[in-house]
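**Q** Residue-level listing of the chains:
There are 2 protein chains.
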Amino acid sequence: MPLIVTGTVGIDTVHTPDGKAEEVLGGSCVYFAAAASFFTQVRMVAAAGEDFNADFHEILAKFPNVCTQGLEIRKGSKTFRWGGKYFDDWNQRETMFTELNVVEEHPPTAPEAYKDSKFVFLANSHPSVQHEMLKSLPERVFSVADTMNLWIDIALPELRKLLEDVDGLVLNDEEARMLTGRRHMVAAGRQIIETMGPMFVVIKKGEHGCILVHDQGVATLPAYPTEAVKDPTGAGDSFAGGMMGYLAAAHSKDMAVTLDSIQTALAHGTVIASYAVESFSLDRLASLTKDDVARRFNEFADMVRVGQPAAV
Amino acid sequence: MPLIVTGTVGIDTVHTPDGKAEEVLGGSCVYFAAAASFFTQVRMVAAAGEDFNADFHEILAKFPNVCTQGLEIRKGSKTFRWGGKYFDDWNQRETMFTELNVVEEHPPTAPEAYKDSKFVFLANSHPSVQHEMLKSLPERVFSVADTMNLWIDIALPELRKLLEDVDGLVLNDEEARMLTGRRHMVAAGRQIIETMGPMFVVIKKGEHGCILVHDQGVATLPAYPTEAVKDPTGAGDSFAGGMMGYLAAAHSKDMAVTLDSIQTALAHGTVIASYAVESFSLDRLASLTKDDVARRFNEFADMVRVGQPAAV
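Keeping their order, the protein sequence lines are chains A and B. For the first sequence, position 137 (counting from the first letter as 1) is numbered 337 according to my numbering, and the numbering increases by one without interruption. For the second sequence, position 88 (counting from the first letter as 1) is numbered 288 according to my numbering, and the numbering increases by one without interruption.
Excised from the complex, chain A in its bound form (with noise of 0.2 Å):
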């Protein structure tokens, strides 16, 4: 099933307690459309500048699934850049400049061969401009969107109108309390479900997991413990791009998208999330294959079995 992802690329620097990288490749458009790349076909939205070199093509096309038919490079502008510092316990980190660059400019827009998408995903950015996004895909059945605590700061009755219209939204335990003024995230997700529109939210907590508060349920994951974290840039929109590239995936014939299959969803966004941070940049992900992925899919699933009660 066609899926569309809308976000930003960009050109990122990244120091962490064990190393740097300078001007690499990221994005939340970017980590979302490889990491869903392993399960379908996945188109990009997004705008670059012209410092979007040879070198991030060339990076991009080893990912064959990745259509980038929707990314613009414009003339004159400059790509989205960030950078970030990660402090010694890898939980905590310091944005040390982020330049706007072609994100302050006009949205970019679907192609036209991208108006059938089915599925959508809205990494974060301006909610009215995710909102735009998804008011020009008439046949979309299936659609998620990421948020951020300066949507919810600045931008909350734009973010609100956007949550009306949405299935699902991801976020952050942060973002989720802020969002509800709730502690526990049970009841942040139920007061997001129960009075703002999505059908269900998934609440990422890193390296502690996730948690899906679902009309049908409440299901959760602890991350895969990987003795490997070189960089944790990307792990959230890696995680978002397993889950909806699974669901494409499952649901390329019956598209009712079941709490069922989130949960298994869930578990590939995990995977994916996982090998994504065991490298700066997309380097891992550009070297994994499918059998990498069902292996370790199937490695989690052992991790997290509880196996049946004996009689006592």
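The hints are simulated quantities; they were obtained by calculation from the structure and are not laboratory data. Owing to the predicted nature of the structure, the values given are computational and were not obtained by experimental measurement. Quick reminder that beta carbons are idealized off the backbone N, C-alpha and C, glycines included.
Not everything, but these chain B residues come out facing chain A in the computed CB check (under 8 Å): (1) I411; (2) L421; (3) D460; (4) T464; (5) F497; (6) A510.
The list that follows gives simulated cross-link-like pairs (lysine-lysine, DSS-like), each with its CA atoms no further than 30 Å apart: (7) B:K430 / A:K405; (8) A:K285 / B:K405; (9) A:K405 / B:K285; (10) B:K405 / A:K405; (11) A:K262 / A:K430; (12) B:K361 / B:K318.
Fit chain B to the known structure of chain A by using the hints.
**A** Below, chain B alone, put in the same frame as chain A:
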């Protein structure tokens, strides 16, 4: 299979952002025993003082599977007392006071009737005291110890000696880092089982669940996402009690404790701990039924189900 636990009986004072409890029943041995009693008979070895009054005895009597023959009430002594305060994020707590009292005297010993105990849990105390208790139980077949940062700091040689003789170690993530110098929990757990003696390590992450590193594999579970946390005190001991109680019951004939049965045990520990934190002291556990436990176990098993992936 007879299960024995040694640890503290305490009189706790707890302040949380939502309320407080003054001089209520607590202590590692008490929480553990109450939790384990939903699965099997459990024998307490602990000491308390004259201030351990009839009200406290009455609370213990609400757990008919808890045998208190090994609970020494010492004339002229005072019970261990602890006061703790939780802050707004509920994950950090500050000790307001600790009065060791009877814990500074000679340690309690197992009554003759307990000498046939097969399953042994050594709740947190000085590793030499834990080791003496362990060696006094010649028929033990499966033993697990808890520990804390204090002992890693001031009694590491004794702790290392103890670890050579136990099957499993339970500790929290910060303690695992401290004991091994490893940042990643799987690496920390692996170092412990490869170089220190235990066959498995359970790393408790509080509201973020647990990781099991076993010489046959790795497992991980999130916490049950409860909406009703009232007091986190005793969560770790209740978790260990649920885990060990289930194992002792499940292995009443076949005593080969496998990775599989520990995984099912961890889920039971998770469930019991999630109930324990719904009240101050033992209030919630005292009203809990085996049906409640089975119901939440099934609910939790559904929450962490990853399903079978569709062919994609």
